[in-house]
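**Student:** Based on the hints, put chain B in the right spot on chain D.
Number of protein chains: 2
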Amino acid sequence: MSLLDDLIEAFRVLPGVGPKSAQRMAYHVLERERAGGQRLADVLAHAVETIRHCERCRDFSETDVCTICASASRDQQLLCAVESPADRLAIEQATGYRGLYFVLQGRLSPLDGIGPRELGLDLLDRRLGEGLVQELIIATNPTVEGEATAHYLAQLARAHRVRPSRLAHGVPLGGELEYVDRGTLSHAFGSRGEMP
Amino acid sequence: MSLLDDLIEAFRVLPGVGPKSAQRMAYHVLERERAGGQRLADVLAHAVETIRHCERCRDFSETDVCTICASASRDQQLLCAVESPADRLAIEQATGYRGLYFVLQGRLSPLDGIGPRELGLDLLDRRLGEGLVQELIIATNPTVEGEATAHYLAQLARAHRVRPSRLAHGVPLGGELEYVDRGTLSHAFGSRGEMP
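If you read the protein sequences in the order shown, they are chains D and B. To convert, note that position 165 of the first sequence is 165 in this note's numbering; the numbers rise steadily by one, no gaps. To convert, note that position 132 of the second sequence is 132 in this note's numbering; the numbers rise steadily by one, no gaps.
Please note that the accuracy of each hint is not assured.
Identical chains share a label here; the pair holds if one copy fits it or two copies do between them.
Keeping only pairs whose Cα atoms sit at most 25 Å apart, straight-line, the calculated SDA-like set for lysine to any residue is [unchecked claim]:
1. Lys20 with Ser2
2. Lys20 with His53
3. Lys20 with Arg126
4. Lys20 with Leu3
5. Lys20 with Gly36
6. Lys20 with Met1
7. Lys20 with Arg34
8. Lys20 with Gln38
9. Lys20 with Ala35
Everything labelled a hint here was simulated from the structure, so no lab data went into it.
Chain D on its own, in the form it takes in the complex:
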């Protein structure tokens, strides 16, 4: 196997990259982006070796405690639990939220061997026990497993007299009712609120 074949094969670890895209990536880098390719190789090697999990929130971090957890300007009374770093980033970018996060790095899924320990809930338990957090905003995904995780988290919060809250479900802004799935529409109809 040639080095070029090795490179094409190596690109396939990336998500959504099949044989054709991997080949296109390899050729593209060799033809037009050697400097960028060298930089990607350097940064990737460095990141894979350096980036670990924040001791407080389990998000990715280069340091023991991530910048958000270490920030003095964030509201220590609000904690938002999300499934993944991508969800954390989405909330950070879309909302004006100024509290802290807790990244589960997954969701409860007993069949896959993912229980409370794998989600770092012992860490969360200690965190809520510190008595600083007043509200746990549960932002797990609205899937079956995400909902099960949300219920578990809500119980954990209540045990520590922390108020659990959940993101609102309903019709997406700018969406057309006709194309909203039945479960969402039914939920939105049932949870209708008075017009302000």
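**Tutor:** Same frame as chain D, now just chain B:
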């Protein structure tokens, strides 16, 4: 800017990778594919540094002369000119062609400053002058620039008394006439052949 941001940015040199995919790639590698990521970094750094162009055919090669050009079992009388290494690979995989290749690494495009020199046509000129090649199979893409390049190559071949040939154009196998573009259909109609 954090190392994670650097990594996301670095992934964007890959073709077809926007901010969202780059972010997904970075998270995926850090969450689930650290070993694969390390391997990709190693192979990529090595490839970018090592892989250069074959002295004979301009295809990518780790050695001065690529394995195909160096092979004693390939027919030295046939030379197939393609625009890119990907085209070379496609022909190699789809056909039983046993001749040699010449990879232009582009097509004539005067407005972009790509002339005969950039396509290594001086090298091709010398190659045809050696007198070994009998037929130049021109497999440039059927685009305006590809056709212009094909005409230029055909003239070059004739100047050396080498027979130029061109891939057949027509209705793709398994295609439905209804969905074939007008140019192709018109060409296929005009070039119709007698039923065997």
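**Student:** Indicate which option fits the pair lysine 20, methionine 1 if close means a Cα-Cα distance not exceeding 25 Å: within, between, both or neither.
**Tutor:** within (17 Å within a copy, 33 Å between copies)
**Student:** Classify it for me, lysine 20 with arginine 34: is the Cα-Cα distance of at most 25 Å met within a copy, between copies, both or neither?
**Tutor:** both (20 Å within a copy, 23 Å between copies)
**Student:** 25 Å Cα cut-off: does lysine 20 pair with alanine 35 within a copy, between copies, both or neither?
**Tutor:** both (23 Å within a copy, 22 Å between copies)
**Student:** Is it within, between, both or neither when you check lysine 20 against histidine 53 at 25 Å Cα-Cα?
**Tutor:** Between. Shortest inter-copy distance 22 Å satisfies the 25 Å Cα cut-off; intra-copy 33 Å does not.
**Student:** Evaluate lysine 20 and glycine 36 at a C-alpha cut-off of 25 Å and name the case that applies: within, between, both or neither.
**Tutor:** Both ways: lysine 20 and glycine 36 sit 21 Å apart in one copy and 18 Å across, limit 25 Å.
**Student:** State whether the alpha carbon distance between lysine 20 and leucine 3 is at most 25 Å within one copy, between copies, both, or neither.
**Tutor:** So lysine 20 and leucine 3 pass the 25 Å test inside one copy only (17 Å; across, 29 Å).
**Student:** Checking an output row: lysine 20 and serine 2, CA cutoff 25 Å. Within, between, both or neither?
**Tutor:** Cα proximity of lysine 20 and serine 2: one copy only (17 Å, versus 32 Å across).
**Student:** Checking lysine 20 and arginine 126: alpha-carbon separation at most 25 Å within a copy, between copies, both or neither?
**Tutor:** Classified as neither; 48 Å inside a copy, 34 Å across copies.
**Student:** Under a CA distance limit of 25 Å, which applies to lysine 20 and glutamine 38: within one copy, between copies, both, or neither?
**Tutor:** Classified as both; 22 Å inside a copy, 22 Å across copies.
Checked against the numbered hints listed earlier, the structure breaks hint 3 alone; every other hint is satisfied.
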